[in-house]
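My request is simple: use the sequences and hints to build the entire structure.
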Amino acid sequence: MTARLTARELTLRYGDRVVSARLTLDVPDGAFTAIVGPNACGKSTLLRAFVRLLKPADGQVTLDDRDVTAYPTKALARSLGFLPQDPVAPEDIRVRQLVARGRFPHQSLLSTWSAADEDAVTAAMEAAGVEDLADRPVHQLSGGQRQRTWIAVVLAQDTPYLLLDEPTSFLDITHQYQLLELLGGLRDQGRTVIAVLHDINQACRYADHLVAMKEGRIVAEGAAADIVDAVLLKEVFELPCVVVPDPVTGTPMVVPLPGASS
Amino acid sequence: MTGRRVALLSGALVLLVVVAVVGVGIGAHHVPVVEVVRALLDHNGSPDHVVVRDVRAPRALLAVGAGAALAVAGVLIQVLMRNPLAEPGVLGVTAGAGFAITAGSALGLAASPAGELGAAVAGAVIATLLVYSVGRRSPLRLVLTGVALTAVLSGLSLGLRLLLPDVFDRYRFWSVGSLAGREQAPNTVPLLVIAVAVACALLLARQLDAVELGETVAQTLGVNVHRVRLAALVLITVLSGAATAIAGPILFVGLMVPHLARRFAGSSVPWLTAFAAVLGPVLLLVADIGSRVLLPTGEVPVAIVTAFLGGPVLIWAVRRHGAVAAA
Amino acid sequence: MSALVLRGGPVSVRVERRTVVLTAVLLTLIAGVGLLGLSYGATWSSPAKVFDALSGGRGGVVIREWRLPRVAAALLFGAALGIAGAIFQNITRNPMGSPDIIGLDAGAYTGALVAITVLSGTSVQLAVGSVLGGAVAAAAVYLLSLGGGLSGLRLVVIGIAVNAILMALNSWIVLRADLEVAIAAVGWSAGSLNGVDWSDVRLPFGIIGLLLVAMVVRSQALHQDALGTELAVTTGVGVDRLRLQLVVIGVGLTATVTAVAGPIAFIALAAPQIGRRLAKAPGVPLLPAALTGALLLQGADLVAQMLLAPVSLPVGVVTTAIGGCYLIWLLTKEVRRP
Numbered sequence: 001m002t003a004r005l006t007a008r009e010l011t012l013r014y015g016d017r018v019v020s021a022r023l024t025l026d027v028p029d030g031a032f033t034a035i036v037g038p039n040a041c042g043k044s045t046l047l048r049a050f051v052r053l054l055k056p057a058d059g060q061v062t063l064d065d066r067d068v069t070a071y072p073t074k075a076l077a078r079s080l081g082f083l084p085q086d087p088v089a090p091e092d093i094r095v096r097q098l099v100a101r102g103r104f105p106h107q108s109l110l111s112t113w114s115a116a117d118e119d120a121v122t123a124a125m126e127a128a129g130v131e132d133l134a135d136r137p138v139h140q141l142s143g144g145q146r147q148r149t150w151i152a153v154v155l156a157q158d159t160p161y162l163l164l165d166e167p168t169s170f171l172d173i174t175h176q177y178q179l180l181e182l183l184g185g186l187r188d189q190g191r192t193v194i195a196v197l198h199d200i201n202q203a204c205r206y207a208d209h210l211v212a213m214k215e216g217r218i219v220a221e222g223a224a225a226d227i228v229d230a231v232l233l234k235e236v237f238e239l240p241c242v243v244v245p246d247p248v249t250g251t252p253m254v255v256p257l258p259g260a261s262s
Numbered sequence: 263m264t265g266r267r268v269a270l271l272s273g274a275l276v277l278l279v280v281v282a283v284v285g286v287g288i289g290a291h292h293v294p295v296v297e298v299v300r301a302l303l304d305h306n307g308s309p310d311h312v313v314v315r316d317v318r319a320p321r322a323l324l325a326v327g328a329g330a331a332l333a334v335a336g337v338l339i340q341v342l343m344r345n346p347l348a349e350p351g352v353l354g355v356t357a358g359a360g361f362a363i364t365a366g367s368a369l370g371l372a373a374s375p376a377g378e379l380g381a382a383v384a385g386a387v388i389a390t391l392l393v394y395s396v397g398r399r400s401p402l403r404l405v406l407t408g409v410a411l412t413a414v415l416s417g418l419s420l421g422l423r424l425l426l427p428d429v430f431d432r433y434r435f436w437s438v439g440s441l442a443g444r445e446q447a448p449n450t451v452p453l454l455v456i457a458v459a460v461a462c463a464l465l466l467a468r469q470l471d472a473v474e475l476g477e478t479v480a481q482t483l484g485v486n487v488h489r490v491r492l493a494a495l496v497l498i499t500v501l502s503g504a505a506t507a508i509a510g511p512i513l514f515v516g517l518m519v520p521h522l523a524r525r526f527a528g529s530s531v532p533w534l535t536a537f538a539a540v541l542g543p544v545l546l547l548v549a550d551i552g553s554r555v556l557l558p559t560g561e562v563p564v565a566i567v568t569a570f571l572g573g574p575v576l577i578w579a580v581r582r583h584g585a586v587a588a589a
Numbered sequence: 590m591s592a593l594v595l596r597g598g599p600v601s602v603r604v605e606r607r608t609v610v611l612t613a614v615l616l617t618l619i620a621g622v623g624l625l626g627l628s629y630g631a632t633w634s635s636p637a638k639v640f641d642a643l644s645g646g647r648g649g650v651v652i653r654e655w656r657l658p659r660v661a662a663a664l665l666f667g668a669a670l671g672i673a674g675a676i677f678q679n680i681t682r683n684p685m686g687s688p689d690i691i692g693l694d695a696g697a698y699t700g701a702l703v704a705i706t707v708l709s710g711t712s713v714q715l716a717v718g719s720v721l722g723g724a725v726a727a728a729a730v731y732l733l734s735l736g737g738g739l740s741g742l743r744l745v746v747i748g749i750a751v752n753a754i755l756m757a758l759n760s761w762i763v764l765r766a767d768l769e770v771a772i773a774a775v776g777w778s779a780g781s782l783n784g785v786d787w788s789d790v791r792l793p794f795g796i797i798g799l800l801l802v803a804m805v806v807r808s809q810a811l812h813q814d815a816l817g818t819e820l821a822v823t824t825g826v827g828v829d830r831l832r833l834q835l836v837v838i839g840v841g842l843t844a845t846v847t848a849v850a851g852p853i854a855f856i857a858l859a860a861p862q863i864g865r866r867l868a869k870a871p872g873v874p875l876l877p878a879a880l881t882g883a884l885l886l887q888g889a890d891l892v893a894q895m896l897l898a899p900v901s902l903p904v905g906v907v908t909t910a911i912g913g914c915y916l917i918w919l920l921t922k923e924v925r926r927p
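Residue numbers (my numbering), protein chains in the order written: chain S, 1 to 262; chain W, 263 to 589; chain U, 590 to 927.
None of these hints come from the bench; they were simulated from the model.
Note that the coordinates shown come from a computational prediction; the quantities given were computed from them, not determined experimentally.
Calculated cross-link-like contacts (lysine to any residue; reagent style SDA-like; alpha-carbon spacing at most 20 Å):
| id | chain 1 | residue 1 | chain 2 | residue 2 |
| --- | --- | --- | --- | --- |
| 1 | S | 74 | U | 833 |
| 2 | S | 55 | U | 818 |
| 3 | U | 869 | S | 134 |
| 4 | S | 74 | U | 809 |
| 5 | S | 74 | U | 830 |
| 6 | U | 922 | W | 391 |
| 7 | S | 74 | U | 805 |
| 8 | U | 869 | S | 140 |
| 9 | U | 922 | W | 394 |
| 10 | U | 922 | S | 91 |
| 11 | S | 74 | U | 829 |
| 12 | U | 922 | S | 140 |
| 13 | S | 74 | U | 807 |
| 14 | S | 74 | U | 818 |
| 15 | S | 55 | U | 832 |
| 16 | U | 869 | S | 88 |
| 17 | S | 74 | U | 806 |
| 18 | U | 922 | W | 398 |
| 19 | U | 869 | S | 137 |
| 20 | S | 55 | U | 817 |
| 21 | S | 74 | U | 817 |
| 22 | U | 869 | S | 96 |
| 23 | S | 55 | U | 830 |
| 24 | U | 869 | S | 141 |
| 25 | U | 922 | S | 137 |
| 26 | U | 922 | W | 395 |
| 27 | S | 74 | U | 832 |
| 28 | S | 74 | U | 601 |
| 29 | S | 55 | U | 829 |
| 30 | U | 922 | W | 396 |
| 31 | S | 74 | U | 600 |
| 32 | U | 869 | S | 91 |
Rendered as structure tokens:
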């Protein structure tokens with residue numbers, strides 16, 4: 001397992017509040033990594049540090065052994081694509097126009113719509129299943145359509161790394177699984193996917209590499225089958241449960257016990 | 263609690279009298295305080311006494327009337343719209359009144375004080391309805407609508423005044439909000455109207471207390487919410503209209519005074535109204551003194567002084583309440 | 590949505606067909622009102638005479654030396670104000686966050702007044718004074734809004750308060766000033782192009798030209814920033830530097846116009862929003878804002894000259910009345926924003 005994207009001894013702070021202290025993580029290349037953990041455990045913060053939205057108080061994030069803060073902004077944007085939790089589209093923008101915005105790091109003052117841009121946008125819309133919506137205004141779309149449009153924006157950015165912060169929230173269950181299948185397919189094409197996921201069963205099913213976080217620390221990481229058991233769930237989520245094999249995929253499936261709230 | 267408020271209110275009244283008497287002495291021609299008191303109580307016809315009785319004292323009376331009217335209107339509008347940023351000036355109500363007077367004069371309808379007052383109230387009513395219907399969704403939007411309306415109306419007023427320069431010469435200072443020269447106009451009608459409206463506001467305040475708790479609660483307490491709201495709206499437009507007829511469009515007094523009064527009155531609307539009725543005049547008297555001493559020669563319109571004082575208060579209020587109220 | 594795609598060598602660009610048509614229509618209208626502006630005056634000159642004068646014919650002094658600088662100023666200043674408005678509306682993500690509402694015009698005017706009353710009021714002092722005044726006003730609004738973020742109505746209302754204070758300050762300075770200065774300043778305080786000639790506008794035209802070039806270079810990043818800070822950063826925009834550059838350009842444009850013509854209100858507010866609706870383009874696009882601004886200001890200046898002819902109204906009176914109505918309409922339409 002190789003890792004080109006890593007966090008080294010990372011300390012993250014919002015003002016005086018320390019979110020994570022001396023955290024180290026290697027992101028396996030070409031794999032689907034899911035970060036799970038209770039609310040406010042620092043998983044989104046970690047993701048933000050990877051894409052340079054949060055400057056580490058100490059330690060560093062490296063890509064190919066080089067500190068990400070040393071990359072020129074556009075160069076980094078050609079490597080790391082990021083989808084925030086609740087992106088807001090400019091008013092009156094159409095799907096194709098929004099997806100085209102993902103091409104920004106590949107464009108220059110003189111070249112704002114090359115043939116490569118056009119191909120990438122078309123491919124991204126097809127992959128995300130929004131090609132039929134190309135001329136629709138984004139604000140008229142349903143929640144699921146809108147989320148797939150945003151995925152297309154990040155796909156058009158055409159980066160080897162895709163980082164997504166809770167991409168399945170606000171989606172109904174069908175769209176959640178469609179999205180996860182899509183991310184799995186991207187992984188199969190050789191991209192590295194890192195997603196913060198809420199649903200532990202979905203994470204177990206789709207991720208190659210699971211990172212369980214609590215209070216800013218990494219409690220366990222590895223393949224879901226190796227690390228997910230009742231002890232881990234009790235420790236991370238304080239949830240009494242049994243873990244059984246998923247009847248379809250055989251991956252671990254978490255079944256909470258009665259009286260879980262106590 | 264009530265004892266403390268009574269003491270504070272008495273103190274404010276004393277302050278009002280002191281500021282009024284001292285203020286009457288200050289101006290291009292200085293009159294000692296002792297002479298001011300004598301001029302009012304024991305008039306002997308000397309030039310000092312004539313200045314005090316015929317010019318300065320009426321002007322102070324106008325400041326008291328306009329200040330009380332704007333401050334009480336501010337309290338009512340803040341309570342009614344449950345919006346700490348609401349104010350007749352900021353909301354364009356005074357601009358509506360001002361434009362109505364200008365337009366009325368252009369048409370020859372507002373030549374008498376009563377005519378002026380009628381036009382002012384009509385303008386205030388229209389402006390209030392317009393601004394409220396557009397901006398009631400959020401406190402900040404309400405302010406923006408008022409500002410936009412004020413801009414339009416001041417532009418139109420300026421155009422009208424340029425069109426008919428002679429007719430509007432007498433409105434030159436009034437149009438920017440000033441007490442200068444207004445003491446010569448017969449202002450008995452507006453002053454009486456203000457006195458009655460302030461008294462009505464004090465009577466209505468107890469019921470507004472209940473309305474501030476929300477419509478449902480008020481109704482269960484036996485208050486006819488719609489009637490109270492309508493009455494408050496009528497008082498707001500009458501008070502702002504009358505103040506504008508006297509002194510032109512003055513901004514921010516209705517914003518500053520209620521925030522100040524809240525410190526002494528707590529959340530009780532009756533006390534708030536009472537304190538506003540006393541502190542409003544104090545503020546306008548002080549601003550009027552400022553308008554006379556800020557320039558070596560001539561006068562600054564009093565509205566400029568209140569904008570100086572009131573702008574920072576608006577910023578403070580936005581920083582303190584704006585984010586919460588808009589959420 | 591059909592679009593035109595042009596590609597050749599390293600150059601490639603995609604333009605919506607609607608933008609192309611709109612640009613052509615607006616340019617035609619601008620040429621029309623511009624020509625009207627050159628023809629209109631104390632005596633009417635036929636278009637033929639205007640063309641003759643422009644091509645250097647004799648007897649065209651009035652047109653070349655009096656009317657042309659005024660029309661050129663209205664067009665370029667209108668475009669500058671439209672761009673400045675688009676910049677601030679993009680940064681604050683609020684159609685009401687434009688420089689004339691949040692006190693930058695008033696601040697620039699304060700700077701200019703200080704330059705006139707305290708210093709001798711040369712055009713360089715005026716330009717420097719207005720830029721400083723505008724920058725101080727921008728900094729004040731920004732610092733006072735800290736904690737609530739750059740966006741939202743809160744910044745706008747704080748800007749309105751700053752605007753009110755500065756306007757009061759300006760009135761006070763004018764009242765304190767000597768009579769001659771005061772009379773000049775009052776005509777100018779509403780924003781006016783009366784009596785503008787070539788010597789007034791050479792330097793401002795140069796500055797505005799440079800700022801517009803800078804804006805063209807940064808325009809793509811400006812639109813990318815409309816995706817929100819997070820996506821802007823992760824798609825390769827250095828947002829902190831970008832926003833600083835944009836504020837400098839926006840303040841520079843506003844202040845330069847104010848130094849010559851006084852605070853002309855509402856063009857910066859209305860032009861970007863009208864342009865956006867005409868272009869049906871996402872966000873607040875720059876080119877429609879500039880063209881609409883030029884058209885609006887030249888049109889308003891014509892109205893200001895014609896309305897009470899032979900008296901020429903300050904153009905700011907006309908733009909205020911039009912723009913204020915437009916703002917109220919905007920507020921009634923803006924139901925989606927909190």
